[in-house]
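Taken in order, these protein sequences are the chains called P and H.
Each residue of the first sequence is one higher than the one before, counting from 1 in this note's numbering.
Each residue of the second sequence is one higher than the one before, counting from 1 in this note's numbering.
I should point out that these hints are in silico values taken from the structure, not numbers from a laboratory.
One or more of the hints may lead you astray.
[Unchecked claim] Computed list of lysine to any residue pairs in SDA-like fashion (alpha-carbon distance at most 20 Å, straight line):
#1 P:400 / H:88
#2 P:8 / H:104
#3 H:125 / P:4
#4 H:121 / P:327
#5 P:222 / P:136
#6 P:8 / H:145
#7 H:121 / P:4
#8 H:11 / H:31
#9 P:400 / H:80
#10 P:400 / H:87
#11 H:121 / P:328
#12 P:400 / H:81
#13 H:64 / P:404
#14 P:8 / H:144
Please read all numbers here as calculations on a predicted model, not as lab measurements.
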Amino acid sequence: MIFLTNAKIAIDSLRSARTRTNLTMLGIVIGVVSITLILSLGESVRQSGINQVNDLGNKLIVIRPGGMQSGNIANNNLFNPSPIAPYATTTLQEKDIKPIEDLKSVRSASPLMLINGSIDKNQLATQQASILATTPSFAEALKLGTSNGQFIDEETNDETVVIGQQLSIDLYGTDQILGKKLKLRGVEHTIIGVLQKTDGPIGISGIDLNHSAIISLSDGKKFNQGIAQLQQILVVPEKAKQRQTAIHQIKTTLSKEHNGEKDFQVITGEEAVVVSKSFYHFTTTLTAIVAGISLIVGGVGIMNIMLVGVAERTREIGIRKSLGASNRHILLQFLIEALIISVLGGFIGIIIAIAIALFIGLMLGLTPIISLQVMLISLGLSVCVGVIFGLGPAIRAARKNPIEALRDQS
Amino acid sequence: MTPKTPPPVIKLKDLHKNYGFGDAITTALDGMNLTINKGEFVAIMGPSGCGKTTLLNILGLLDKATSGEYDLDGEPVESISQSRRAQIRREQIGFVFQSFNLLPRQTVIENVALPLIYSGKTHTKRLQLASKALRLFHLQNREYYMPHQLSGGQMQRVAIARALVNEPSIILADEPTGNLDSRSSEIIMQELSEIHQRGNTIIMVTHNSRLTSYADRIIYMLDGKIDTDSKVEPKKPDLTAKIPLSAKRRKVATSKSKKKVVSKKVAKKTTKSKKKAAKK
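With the hints as extra help, turn the sequences into a complete structure.
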């Protein structure tokens, strides 16, 4: 009862200083918008990685150059970055593929060679995109389909290319582009296929396939003095159950090939995404903390305004006390006022965040996930801010001496 | 047979109130002994700084005495908790201030209903009671006015309605007419007198000796002590002045020729109500 009445008193007093209330609320709105947005976009990025892992990851094996231990990939990458490591010559070579493919437990092994270079439609339209050289089994391993044309196969010539859907749209505005010519690092290629749209930028391949051009390995080698520099080998085991056996056999075989040097790592599909997943998790947490600081700033705004309100309404407090209001009544009145600002700010913030998330989602091709959990977290945080920062001024108001308060002339 | 004396509502015994510390101590009340019985209309007078307002604040539980005893309705109140003090304030005491102390952002009826919020009445009940209290003071057609739209006299009547809405046993008035012209002062005093006749205890601080004529006991204070304490025969309220000014003006404006008739009517009315009051 007293709660409802106090809510009405609070709404009246907030309404009477509308500009001030709105500006105070703005602080909370900004804080809630940033937290909700970061949590929901972070969640959707993470989710797109998970989808791919669920679809494919538990069946695949990934071989990567370098000797890092799989357990510590994330930490090593995040906290011990080696800026020149990416420029080192990779330790995986074309000759490694054959012995792996020959293993009984392995169905296929597809090499992946990344070539940096520009893709020109003509002199006017140039795109920086990743050029990928691989073998036909790559499409099978990642279950890639083409929306138009075909994937590279044994019979297709060199100088043919399959491109990602987004790249096709960026260059031509359509994906009906079979037979058109493209220049990859200055060499003319004929487009023979356009890939179907795939999930977002983090996946097992580690490459955004929507923005890449895929050529055959033999073609790719021509850009690198005839030598294949492999960034990754994707292995499909004969049976999903045999994966651990396959991993073990691959390790033994490769060790032999590399004269006992452990300059490669064999990991499962899930582990391959751990790096990107934990990186996104890390950045999401970090930015959410920064956004949390903005909510605290909003809270300080509430505290400031509430203190001004208490000072301005000292006489009112005196009158209320003389008419029988107890300290608890006054405390509740001012606390509810702070809570109204913060809860209302929280709601408005969530609504704005949903709108912005949908917009950003459209721009980045992500499906924003605004879960009930994210909304409750944001709302909960804003309520906490309201209580924490409203409590001080409310206590100050409640403790005012009624006689001095009645004497107040302001 | 001894005449039946009503029970004391207020009993002060050797009450002291000091302000400040050490060398800078100011004594506001210096050993007050006072008993006020139920239904008394007490006027407290005295020069500035003699401790009248301090006494009123202590009686109204807004302030605490430094030492001494204070029994309110037989209950010692010096050592009770803050929340109990607040409860007594809202149930047993009604305040009327010199500067009205209405909340400027709330309507007249909301102001009157204010004490009821804290006694936990529902919204509808609050408005009903407030409306009833306002009707007593002929302000029923000003319910949704804002305080700044009222005259000083009307504001003070609203404040008195607010003080009465919880039906307290004691009304404490601190110079209730201090900010009013003589005509409005007269009306306010008559209102208080009427409330007194209904059985309320009224304690009023004033500087204006003319107003003490409505009281039945006059206490003169000097230097924090009671100087004189005398019982007098109170003046009966003259109810002519209570007819709302606006109503009078309207009648005058409608027809000048009817002026005499109207004034007769008013006179009749007043004699009737005088008789009623006398009967009471």
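Hint check results:
no., hint, result
1, P:400 / H:88, "18 Å, holds"
2, P:8 / H:104, "16 Å, holds"
3, H:125 / P:4, "15 Å, holds"
4, H:121 / P:327, "19 Å, holds"
5, P:222 / P:136, "18 Å, holds"
6, P:8 / H:145, "19 Å, holds"
7, H:121 / P:4, "12 Å, holds"
8, H:11 / H:31, "13 Å, holds"
9, P:400 / H:80, "18 Å, holds"
10, P:400 / H:87, "17 Å, holds"
11, H:121 / P:328, "17 Å, holds"
12, P:400 / H:81, "16 Å, holds"
13, H:64 / P:404, "13 Å, holds"
14, P:8 / H:144, "17 Å, holds"
Every hint, counting from the list given before, is met by this structure.
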